[in-house]
Each structure stands twice: as C-alpha cells, then as structure tokens.
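Asks: Residue numbers (my numbering): 624 to 1195.
Since the hints were made in silico from the structure, they are not lab data. Even for Gly, the Cβ is constructed at its ideal location relative to N, Cα and C. Fair warning: there could be bad hints in the mix.
As the list claims (entries may be wrong) - Derived CB-CB ranges, DEER-like:
id: 1; residue 1: E829; residue 2: L795; range: 15 to 25 Å
id: 2; residue 1: N866; residue 2: E743; range: 49 to 59 Å
id: 3; residue 1: K1102; residue 2: N866; range: 39 to 49 Å
id: 4; residue 1: R1001; residue 2: G944; range: 44 to 54 Å
id: 5; residue 1: K1102; residue 2: E815; range: 34 to 44 Å
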Amino acid sequence: MTNSNNEFWSRASEEFQQNLAKSWGQAMQTFQTMDLGGIVPPAENAVPQISFSQEKLKELQATYLEEATALWNHGLESKHDIKDRRFSSDAWTGNPMAAFTAGAYLLNAKTLMGLAEAVEADEHTHNKIKFAVEQWVAASAPSNFLAFNAEAQKKAIETKGESLAKGIQNLLHDMQQGHVSMTDESKFVVGENVATTEGAVVFENEFFQLIEYKPLTAKVYEKPFLLVPPCINKFYILDLQPNNSFIRYAVSQGHRTFVVSWRNPDESMAQKSWDDYIENAAIKAISQVQDITGAKQINALGFCVGGTILSNALAVLAARGKKPVASATFLTTLIDFTDTGVLDVFIDENFVKFREMQMGQGGLLKGQDLASTFSFLRPNDLVWNYVVGNYLKGESPPPFDLLYWNSDSTNLPGPFYAWYLRNTYLENKFVSPGAVTVCGEAIDLGKVNMPVYIYGSREDHIVPIGGAYASTQHLPGKKRFVMGASGHIAGVINPPEAKKRSHWLREDGKFPATANEWIAGAKELPGSWWTDWSDWLKSHAGKQIAAPKHYGKDAKFKTIEAAPGRYVKARA
C-alpha cells in the first residue's frame, strides 16, 4: 500500500470518528427530551456514562469505511438502487446528487444504529440509547427537509409552487388543531359513519356512560356481556364500521352486550385516582349490568389498559368475597409488567418521581401529549411520513377510519396516571400478592379464580406477546391463550369475513413459563381468532332466553340518549 493510500485511510478513519462522535452527541441529546407524555423530564435523566465493545467498534469502523468507499466510487455517475421507500421514487433514484445524499444518509444511519448496539450497558440503558438514536436518525433523514427532498422539489416545480402553498396551509391547519393530520378528519362523524352499532346509553356517572346494544338475534344468552375498553382511547376502535365491529360481532353471536364509554376528563376530574376508576367505573359497570339484566353473573372483557383495570376490579371483588363475573377475556393486556417492550425506555425512578411531583396530587395529562408519544414509537410511519406528505408535498391524507380514531385522543387525570406508572411499569406490584392496596383491598390475582381467555398479538410493540402471555402465570382459573398475527390494533380487529392473518392455539392445556416455549408447541390456524373466542364465550354464557324488547330496565335504567352517547364525542 502506498503512502498516499495510507494517508487517505488515516484521514478517512479520523473523519469517521469525528463525524460519528458529532452525530452520536446529537443523538444522545434525545435523552434530554424523552418522556411518556410530552414534557421535558428532570435533569437526573441526563445521558449515563457508557462504554463500547471495542471489537464491535472496530468491525463497525471497517464496514463503514468499506461501504463509504463503495458509495463514493459509485459516485454521481449512475443510478443508485435504493430500497428504502422514502427514497425509492424516480425523483430520488434518477437524480445522482439526491441518490448519493440518500445513500450517505442510509449508511450513516446504519452505522449509528450499529454503534447503539455496541453499547455495553444494562438492558434498560441499552434500550433507551437505541431508542434515542432511532429518534434522531429518523428525524435527520434528508427526506424531511425541502432543501434535500428531490421528490418534493420536483412536485413544487411541476405545480409551479402550488404544492408549497398547500403545504403551508396544511401546516397552519395542523398547528391550529394541535397535531399532525394522519387522515382527512372532516370525513368522519362519531355516531354517523363510525361507532354506528344501534344501542342506547342506559346509565352514566362522572366517569363513564354504559351503553346497551340492540339485540340482533331472537334469543340471547342469559349471562350478559360487558366490554371495558382502554380509558386512554375512545371505545369505538371496537366499533369502527359494521364489517369490522367487534361489538356488532358480539351482539350478532347472541350476547346481550354492554360497553363502558369513558368520559374524556376535564379539569373537574383532575383529582381522580386509580381507585376511583376501579370502584366508580369498572365495579360500578359490573353491578349496573347485573341490576339491569337481573343476572347473578356476567361475562366481562378488558382491552389493553381496560384489561388491567378489569383485573384489578376482579381482585377487589374477590377480596370482598364477591364473584359477579363468570368469565373474563383479556385482549392485549398487561397484568405482569416484566416485559413492557419499547415503553420501558421512558420509565425509571426519576421520571416517575417527576410525574408524581407534577400531577400526582392533581392535574391532567393531555391526550395529545400521550398520543404523540405513541406515534414516536414508530417515527417514520406515524410522524415523518405525514410531515413530508402534508407539508413538503402539499398532499392531503386520505380518509381512514382507524387513523381518525387514533387522532381522537383522551386526557387522563394526573393522580390516576402517576399511580399507574409507579405501581405497574416501575414496580410491577400487581403480581406480588398483597403488595398493593386498591379500594381498601389487598390485591391478590391468585384469588381471581375463573375461566379466562387471554389474547396477545405477535408483533405488538405496546403489549409485547411475552407480556400478554405472562398473565397465564398469575391467574389460577382454567385458561385459554391465543396468539394472533399483526400488532396491537390490527391483530385485535380482525373479523372472520376478511379471511386475513392467522392465529395460534395450543390444545394440550400446558402453559410453560415463557411465550416462546408456548409458541414452540402451538399450531397455526388460518383466519381470525374471533370464532375461537366466540365458541369459548358461548360455553360460559349459560342458556338462551328471549331477547329483551327494550333497553335498560324500568324507570331506573331508562334510555338517556342513543348510542354512542355524548361522552365519546368530547374532544381532548
């Protein structure tokens, strides 16, 4: 090797280290702004002292230099083959300078993520660093800037600047509404073209409205069915359209169906606690369904945080010697918070203390802050994709009911939120009998002894499949666990008629310690898990009786208003 070559590689190595250090420092600044709720966390969350695997660092440097040389030699003379969809259009691949810019970015992004993988630290710190780097890498893509986005520039020229003018209008509109538009929200009206299953509100208090749905069958099962959705979202994810409505499906299967529609908290609820939601919402809803129907026992379902709330309500009732629920279904629910997936990067003692000081005694967590956090769990798909489309290209996102629901956020009372963070994500107290008291009762999930149906989604990034499966290790009753394909929402909302995706079952009745062990003995079945769940629920629903002809029951539970009610229509 000649001296000139040696000098070249020496300079290249030095520049690599300098540029990487600069980018790494900028990425690590993300630590200063990471929070589950959109507020800057305390100073104690500063970047921790970290070290790197020297072996991995050398491999990373060698790979970078090799690929950087290849990229440079490829240069500006020919068309680049770029598979990343952000840079795959002809405007990028057919423009040598733009293609080179994209290629350089992708190489640097891969190297930074490799550097994050090379960090030697405990698992929590390691995951937090990886997440921080991912956020910075996603934000710094050249496609996010008009000066570098060849596709946006081309469109601006072709439209004679109209796309830029439209982009500015879109930006001003989104600034006014407080969030980036993911869909054309003007095309949807709750109760008109989403949440349209026929029913009536038959009870309400300051926490929730109870909706009863009109039977679709001549007979119904004697044990009514209550759904408890997550209080951090609107319930109509379970009732988007007639062809994918889980609520309508339950009604069509012959169940007298009730749903909790949570109130969107305002300042009047700023003092409400976890105990309030258990006693005055979940337990109250169970007793109201009993009173309306005259049933000694009901069947209940909890979805996501709604499942966590339901599990606590059942534990409180068990401690009081009551068993009003015959069976429980838990959909993508965490009871054991050992495996919380990517959300773990936000949670530590300093952060929880900060939230307790900020709103533990009163206040509101704004729904949009929490919604933004969930969007940044998938930054390219749920944030920058819309920034580029809406503002740089001047496009209007098409109508999509799921994304409309996703944008329809809800607030949370501060004391509820702070208590939840500490006792679940931070300290995982629910799985230790007597470790936490709710509504004056020591929580012991070992006393929640009833048949349970537990569902988890294989690609769920909010409730990982291992976290959903962990409930099987703590609930003593007869269990059935089912795994579905796809993620947190798409896995759940999978009607049989669509004939999409698969689900997995294990018929030997064994529940080994981990989800991976369970999966090893599971059988894949085509199509929706709904039919399996329906058969299971019917086996616990009792005999069939004549369907009621009226909502509610006498004057005490007369119709207040038509479904979906006014609580679900209140915007955050």
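Asks: Please name the hints from earlier in the document that this structure breaks, with their numbers sorted from lowest to highest.
Replies: As far as the earlier hints go, 1 and 3 are violated by this structure, in ascending order.
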